[in-house]
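Put together the whole structure using the sequences plus the hints.
Going line by line, the protein sequences match chains A and B.
Count along the first sequence starting at 1, add 108, and that's the number in this note's numbering.
Count along the second sequence starting at 1, add 5, and that's the number in this note's numbering.
Treat the hints with care, since some could be wrong.
[Claimed, not checked] Over the 10 Å line for every Cβ pair with chain A, so calculated as not near, a few chain B residues:
1) 22
2) 38
3) 49
4) 60
5) 62
6) 69
7) 85
8) 132
9) 144
10) 173
11) 191
12) 201
13) 245
[Claimed, not checked] Using 20 Å as the maximum straight-line C-alpha spacing, the simulated EDC-like pairs for lysine to aspartate or glutamate come out as follows:
14) B:108 with A:219
15) B:108 with B:37
16) B:108 with A:426
17) B:102 with A:426
18) A:251 with A:219
Hints in this document: simulated from the structure, not taken from any laboratory.
A virtual CB, placed ideally from N, CA and C, is assigned to each residue, including glycine.
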Amino acid sequence: MSETLVAQLPVGPAEPAERAPTDWRTQSMQRRIRQRYAAERRFRLLGMAAVVLSAGFLAVLLVTMVYNGASGFLRTEIALPVDFANAGLTVDPARLKGPGADLALAGAGVENATKTAAIAAFGPQGSDLLSDGAWLSVRAAIKRDPAIMRGRSIVWVPASDAIDIAAKRTGSPENEAIVAHFKQRNAIATGFNWPFLTASDSNDSTRAGIWGAFKGSLFTMIVTLLIAFPIGVLSALYLEEYAPRNRWTDLIEVSINNLAAVPSIIFGLLGLAVFLGTFGLPRSAPIVGGLTLALMTMPVIVIAGRNAIKGVPPSIRDAALGIGASPIQVVFHHVLPLALPGILTGTIIGMARALGETAPLLMIGMRAFISAPPAGLSDPSTVLPVQIFLWSDQIDRGFVEKTSAAIIVLLVFLLAMNGIAIYLRNKFETRW
Amino acid sequence: MTISNQHKICAKRVSVYYGAKKAIDDVSLNFDQRYVTALIGPSGCGKSTFLRTLNRMNDTVPSARIEGDITLDGEDIYDPSMDVVQLRARVGMVFQKPNPFPKSIFENVAYGPRIHGLAANKTQLAEIVERSLRRAGLWDEVKDRLSDSGTALSGGQQQRLCIARAIAVDPEVILMDEPCSALDPIATAKIEELIHELNGRYAIVIVTHNMQQAARVSQRTAFFHLGTLVEYGATSDIFTNPRQERTKDYITGRYG
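Next comes the structure, spelled out in structure tokens:
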């Protein structure tokens with residue numbers, strides 16, 4: 109035995125004839141070096157060009173949107189002189205305090221009084237200069253200070269769609285002239301459009317707001333996160349840590365990978381058939397939207413989660429098992445904390461996609477016209493991207509800037525959501 | 006209580022298979038309380054596999070299958086009633102590559118006592134941590150930075166931290182799987198010194214590629230080759246007067 113081992117000395121075939129040493133200074137060598145450097149430069153330039161191009165597209169997108177949308181956050185108001193004493197308002201001042209005030213004023217003819225005042229002040233077509241919701245401002249003014257009902261007073265009311273656009277951008281020549289006329293008398297002003305952030309959808313672009321859709325998106329995302337995150341993470345953990353490797357788990361893996369690639373509208377059909385059809389959940393509700401989007405988000409979280417869990421070094425598992433940690437302790441004390449940053453990255457991607465999703469929500473009825481913000485998870489509601497889609501369909505010119513403004517709100521929502529997730533991820537990551 | 010003349014660990018006719026491949030073939034070997042036993046042999050001879058059967062770490066390999074009996078203080082460790090978690094607390098392990106948890110030095114050592122409920126309160130836990138780090142010869146180097154990350158230590162310190170982590174749960178046996186193979190000679194010397202100090206308190210089984218190391222730290226040596234146990238005896242006998250030709254060839258450097 110020892111003989112055979114010792115006999116392995118390097119006795120190969122005879123060496124080939126000695127080659128001349130390589131000359132590294134020849135012309136062809138120099139050319140090779142030049143080509144190598146050129147290739148490096150070319151590659152770097154291409155990469156840089158790709159980055160610049162994509163940054164450029166992003167910049168164009170953002171600038172266009174801000175340019176179109178910024179004015180959506182502004183609204184024009186006109187100073188309307190109202191002669192309350194002679195307006196024939198039939199309301200008992202005692203009822204103006206307390207919760208019955210709105211009802212009392214609605215029945216008191218404030219809407220008519222506002223129209224009359226507009227005609228008196230601006231001529232026969234005067235009431236067309238004001239938004240349909242102008243009387244709401246008058247009502248609010250009365251509620252603020254009932255004393256004004258005894259005399260004449262000036263109330264700032266929102267201008268109509270056409271006047272609003274003429275004041276902020278360019279309108280028809282007649283409206284431009286009206287705006288100029290008001291400006292001379294300091295009777296027109298443009299300010300921040302708070303109602304855009306606090307109101308819900310409306311047929312009248314001057315009264316339409318984003319709050320209802322924003323709240324709907326918020327509720328939907330909460331449902332999606334609460335369902336998709338735990339189920340996705342637990343599935344990933346089970347498949348990676350516990351499940352035996354056999355044909356069934358292979359089948360499950362393939363199915364999950366395919367689910368992540370299914371077009372979103374199919375999930376909408378599924379939600380329609382299962383959540384509305386079989387379980388009879390309420391139509392247009394954030395709970396159904398959230399469930400449907402959770403189905404769509406789950407595979408993304410499972411795939412990202414499994415990859416993150418796979419990335420945890422086996423030596424850490426060995427270390428924990430070696431001092432007698434039980435499998436569940438290994439998972440929750442060591443594997444999950446180390447995999448969490450990766451899982452959160454997957455969750456960000458999945459949730460961002462869910463937030464921007466329109467098609468599946470159309471299928472479950474979240475495209476309805478909803479003029480009140482949802483109070484709960486089962487109230488009818490819409491979401492930001494669907495609201496954008498609905499407004500972009502409107503003929504009214506005032507909705508163009510509202511559409512862009514809503515896109516800005518959606519992007520801010522998205523950035524805030526991702527910001528929180530990235531903050532959490534970094535917190536876990538930088539612990540060590 | 007252990008009867009004084011009983012072996013701490015008895016392996017009887019142990020064979021291990023990975024799928025169809027036989028990694029360990031019919032090995033019988035006993036380990037005693039007050040001894041350091043070295044397992045030596047060329048790469049792939051099954052000494053690490055054998056070591057990992059002693060605390061059932063091979064359970065984590067789905068294709069692994071074991072035949073034969075292994076007892077710890079007379080209890081069959083592969084008996085279904087044996088609790089693997091407790092077994093691994095009683096039979097601690099130190100791995101080839103230092104693998105501290107990505108947590109603080111204190112947490113690394115405190116983790117085991119905490120999950121096994123060995124400390125009633127924080128003071129006791131701190132005592133256990135200090136005692137373990139002292140025994141591992143690391144206390145003076147880290148006492149001022151217990152809240153630093155365990156992974157920020159040098160390789161040798163990390164390995165001693167892993168030893169401290171293993172002894173924090175008061176094991177009866179410590180298995181060491183080539184604990185010095187990733188360390189420089191100075192760190193290796195420290196670990197060897199540490200093994201000397203731990204000797205007597207724990208039964209230690211160490212796998213090593215380094216024959217000088219086996220000669221320095223162990224009282225008994227087992228030589229493995231191709232999955233079989235070739236020779237087992239007092240270290241001095243194995244290195245000066247091997248009975249088997251294969252052992253002689255290996256320790257004189259003819260192969261391996």
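Against the structure, the hints come out as follows:
| no. | hint | result |
| --- | --- | --- |
| 1 | 22 | holds (18 Å) |
| 2 | 38 | holds (20 Å) |
| 3 | 49 | holds (16 Å) |
| 4 | 60 | violated (7 Å) |
| 5 | 62 | violated (7 Å) |
| 6 | 69 | holds (14 Å) |
| 7 | 85 | holds (16 Å) |
| 8 | 132 | holds (18 Å) |
| 9 | 144 | holds (19 Å) |
| 10 | 173 | violated (8 Å) |
| 11 | 191 | holds (23 Å) |
| 12 | 201 | holds (22 Å) |
| 13 | 245 | holds (19 Å) |
| 14 | B:108 with A:219 | violated (68 Å) |
| 15 | B:108 with B:37 | violated (34 Å) |
| 16 | B:108 with A:426 | holds (16 Å) |
| 17 | B:102 with A:426 | holds (11 Å) |
| 18 | A:251 with A:219 | holds (14 Å) |
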